[in-house]
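Since the structure of chain A is provided, determine the placement of chain B on it from the hints.
Quick note, the sequences are listed as chains A and B, same order.
Sequential numbering of the first sequence, starting at 61, is according to my numbering.
Sequential numbering of the second sequence, starting at 1318, is according to my numbering.
Keep in mind that the hints were calculated from the coordinates and are not lab data.
Yeah, the Cβ is synthetic: ideal placement off N, Cα and C, and Gly gets one too.
Treat the hints with caution; some may be incorrect.
Unchecked claim - Only some residues are given here: those of chain B computed to face chain A with a beta carbon under 10 Å:
1) Ile1389
2) Phe1413
3) Leu1416
4) Lys1445
5) Arg1535
6) Thr1589
7) Thr1628
8) Ala1632
Claimed, not checked - The calculated lysine-lysine pairs, modelled on DSS-like cross-linking and capped at a C-alpha distance of 30 Å, are:
9) Lys180(A) to Lys1445(B)
10) Lys333(A) to Lys180(A)
11) Lys377(A) to Lys1445(B)
12) Lys377(A) to Lys1587(B)
13) Lys333(A) to Lys377(A)
14) Lys1638(B) to Lys180(A)
15) Lys1445(B) to Lys1610(B)
16) Lys1587(B) to Lys1610(B)
17) Lys248(A) to Lys180(A)
18) Lys377(A) to Lys248(A)
19) Lys1587(B) to Lys1638(B)
20) Lys333(A) to Lys1445(B)
21) Lys1638(B) to Lys1610(B)
22) Lys248(A) to Lys333(A)
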Amino acid sequence: MTDSRAKALGGLLARQGILVAFVLFMVGFALWNPRFIGIDNVFGVIRSSAILGVMALGVTFVVIGGNLDLSVGSMMSFSAIVVLDLHENPAFGPALAIPAMFAMTMALGALIGFLVGYLKLNSLIVTLGMLSAIHGLTLAYSGGQNMDIANQQATWFGVFGRGTVAGVPIPVLMFGGLALILAVILAKTPFGRKVYAVGGNGTAATFSGIPRARVVFMTYLISSFCVATAGLIQASRTMGAQNTVGQGMELEVLAAVILGGASLLGGSGTVFKTVIGVLILGFIQNGLLLAGLQFYAQFVVTWVIIILAVWLDIAAKRGRLWSPIA
Amino acid sequence: MTKPTLSGLIKNGAIWGFIVLELIFFSVAGHFWSMSESAFMDFGNMLLLLKQSAPIGIIAVGMTVIMINGNIDLSVGATYALSAVVMLDSMSWPIFAGLGDWVIPVAWLLALLTGVTLGLINGLIVWKTGVDAFIVTLGAMLGYRGLVFMYNGEQPTYHLNWTMVDIAEANVLGLETPSLVLIAVVVIVWLLMTRTVHGRNAYAIGDNREAAVNAGIRVGPHMLLNFALIGFLSALSAVAFYSASGSVNPNDGTLFELWAITAVVLGGTKLTGGSGSIIGTFGGVIAIQLLRKGLGYIGADTETVNLVIGTILIAVLFLDKQLNRKGQEELKV
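So here's chain B without its partners, still in its complex pose:
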């Protein structure tokens, strides 16, 4: 274990400090600018925030694992959409007609299976061909999205099942189902990455693949597993979201990959692999959603949100570089 240094502390705590700063800013600014009667830090508002972060958040957790492992996945948005289409469409397939409400778990299972399959396809290609994950998943992003459109044209796919809506909007201690799923995913994947051999190996491979190979770690199966995981999580995100809404447009999930990567990077995970944390990503997801909500709360428009998030992302990268500079050999130019 390395001793905690000041810069290390700033780096690891930065995202939480940022969240606190956001909360204070929007609470104070809200007094002057908000049209709303309720306070920003209203408990119900915070619970809603957690629920709204769930779709991107669940995917971002998977993206963290992929990026720690030294890869990237640009096809998550398309996987999300295709899983949603399979889930909603399969509920009206004639072969399931006799199942009644038991069709719900079957549809969920099919959606998750779709996600895992798409992830496995990416993982197998990356493993067996040695083509960079960026290119493989860039291609898959187009290909999977093409499949979504081929399924139902430009029409939305919909199926409303009130039992499913009830499950999706079930409420435990104020937390609705998507929030619960997000929290469960964060905890389980955090345990996976910090407490298991697979997690440690994933870090090792991302940090230095050559060294990992020399240490006898089999790189391929670990990468395959991680791609299956992110496919599963993309599908899970779709299940959590579309069970309530019951309708999916073929363009849904576009740009999700970019939002997820933004959250992951804000949470402190390195693009180069080998370092990062699930909890940090959770912080990144919350920070982004807080920013969206907060700017809306004080009456700013959507354009400001995009502008601010883009600027913050670049600023974080700049600060991170400054903090990391010490002790590293920098080429003087």
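Only chain A is shown next, with the shape it has when bound in the complex:
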């Protein structure tokens, strides 16, 4: 009896473990240093996590659908460079530059979606190839130059990265709003259910009449929309960008999604959990800095946390701590 109760408790801990760990972490740090949960610090952390977070929202759809997206980092560089360049182009200006950039970025997403969804190519390799190809495209577009907005006072473009509404930074609002919309789409709509079905068991989904290819295509389109939004925030915040601004972010984004509990095999994960994953990464970084640790110590801590989180998750599912591999 007590054994089964302990098991149930263990199961609960493992299922919501990441949330429990997050709360414990926050409470511990708050007791140690009340500034940690001060409103300024919290907004500061969320604002600096917003770019990574917005990208992670889209990748959540892709991962739940059973695929990977390694191209988001280089795609984000592309969208930031493009929007800055079009902004400086007198024919466009900020009002046209933003939709044009969204269209171009989502065209890339559609291409990936076509290759992975309709041609059924391996998503790891396709997006790896696209990582390289889009980086080339960005360099070709910019001629290898950094992009800057020449007259930063004369434009309202900075609002997406620097503005606030009633004290709340706009990147935070965009991250929160997008998370809410995507959470509803994933959890409450038929399309959301189809994403889970395709990722959980593609063959079964196909036999149930779910258009697997179209669903996968849509997940990449959503991902590229999120990337374009992240690129907009990035470009607006710095009013300038290097060609490599998003380099390496694809793996950090994936780390946040996995930390939130999405399985790389597909079929599991939620938008809410991904947001938690993003916040954990952000607050760990912030907490360690406040504790006076080196900036780079966060990477080592993140490593340990990712592996512990996934390990506990699968240990709970198989009912034993150590793997059965001989």
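The following block gives chain B in isolation, referenced to the frame of chain A:
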């Protein structure tokens, strides 16, 4: 042994056919577009190409083994950087001050030991926790890179030792040390994978882990050994490269994992494990380097290289799928 079929022949020879095609294309195109006086297929140019392929090539050989075994390693770039930092930094440690130039082999040994240790850590975690290698090494990629930065901040680590530079640039029959190391690694690991029990078991585990377990193969130790091997090779790559340059930036080796995987996939190794060849990977490495050099030779910019390699990678995947389709049950949608 399976009988060679036409599609099999196309598949296995494809990378070499591609290399020949590249050579012909760049030689011909070079006549019209190149600013350079010398021919593309100049012997010295080809030797240089081999040397330039060495850092990625040595790692890609290890990646092939890992992928044949059904795993993946994303932490090779960070392992490469950390080994390089240990190697160059240890040469100025006070305890080695009395060694003179004998500090060189000691530093090399420490670097290789670092690589093996990092590989063993990955392997042990994959074995004992059962967490997917993709996740374990993704985490390690962040963690090991963090260690590199914690070691020396954002400063480069450097130590110049002319004896070491001489060794690194030694020349045997026109082949410099990094090229020799690459060739030796290819031959030895090829023998390991084709002529030993460990190699056969690695293929078996990657092909069908369940069946391998039922056949009495112990999966864990083989995986552990392979992770130690790729850690060793990442460190060896660092030793071969940084002995000559003598300075390592904390960001060095970023994206190496992606380049290595690209080379391995171009060389015909399957992501799903169980098939692939070291020689094919060698071809993949050469093909990529040839493309970089060739595009530079005819005056194209770096951006074109990235664009072309990305496109080719996807095209290879598409062709491979078409060639493999025959005889496989495809779900009609």
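query = Looking back at the hints listed earlier, which ones does the structure fail to meet?
reply = 2, 3, 9, 15
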